[in-house]
Amino acid sequence: MRDKVNSFDKLITTIEQLLENVKTYTRDVNTTINIASNQIDGNNQKLQTFVNDINDYVRKFSLEFTKIQSELIKLLENNNYQLISEYQNVSNTIIQGIDRQTNINKKGFDANIKGLELLIRILGEYPQKLDDTNTDT
Numbered sequence: 001m002r003d004k005v006n007s008f009d010k011l012i013t014t015i016e017q018l019l020e021n022v023k024t025y026t027r028d029v030n031t032t033i034n035i036a037s038n039q040i041d042g043n044n045q046k047l048q049t050f051v052n053d054i055n056d057y058v059r060k061f062s063l064e065f066t067k068i069q070s071e072l073i074k075l076l077e078n079n080n081y082q083l084i085s086e087y088q089n090v091s092n093t094i095i096q097g098i099d100r101q102t103n104i105n106k107k108g109f110d111a112n113i114k115g116l117e118l119l120i121r122i123l124g125e126y127p128q129k130l131d132d133t134n135t136d137t
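Under our numbering, the letters of the sequence shown match residues 1 to 137, in that order.
Errors might be hidden in some of the hints.
[What the hints assert, rightly or not] Cβ pair distances, simulated, as ranges:
id	residue 1	residue 2	range
1	Thr24	Gln45	44 to 50 Å
2	Tyr57	Ser85	20 to 26 Å
3	Ala36	Asp9	36 to 42 Å
No wet-lab data here; the hints were simulated from the structure.
Being a predicted model, the structure only gives us computed values, none of them experimental.
The C-beta atom is built at its ideal place from N, Cα and C for all residues, glycine as well.
Based on the provided sequences and hints, a complete structural model is requested.
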């Protein structure tokens with residue numbers, strides 16, 4: 001009988017360790033997702049800075065090319081705004097996908113954690129029930 005209790009104790013310990021591993025993994029996944037999201041935001045800012053720098057250089061061309069420069073600026077601005085808009089749309093889609101997946105992962109991990117906690121609680125009560133059953137017989 002003592003062996004069964006020891007086995008249950010070992011099982012509970014193993015499940016508790018598994019629970020800690022799941023919690024650690026969840027934290028690590030969330031940290032990684034946050035880092036990726038921050039990198040995407042940084043890339044958006046760098047692209048905007050790059051576009052602004054390009055516009056500044058274009059404005060510095062000589063006055064002799066004013067007409068060409070004006071047309072070129074309009075063309076560049078249109079293309080740059082389209083590029084920024086498309087890049088931001090892609091970035092937003094990626095961020096939304098990451099957020100959705102994070103929520104799905106969190107719900108799954110939360111469900112697993114609750115299930116493991118319930119299993120630990122039930123297994124923790126089981127040796128007492130065995131003792132009660134043996135005492136009754």
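Status of each hint after checking the structure:
{"no.": "1", "hint": "Thr24 - Gln45: 44 to 50 Å", "in the structure": "violated (32 Å)"}
{"no.": "2", "hint": "Tyr57 - Ser85: 20 to 26 Å", "in the structure": "holds (22 Å)"}
{"no.": "3", "hint": "Ala36 - Asp9: 36 to 42 Å", "in the structure": "holds (41 Å)"}
Hint compliance for this structure: hint 1 is the single one not met.
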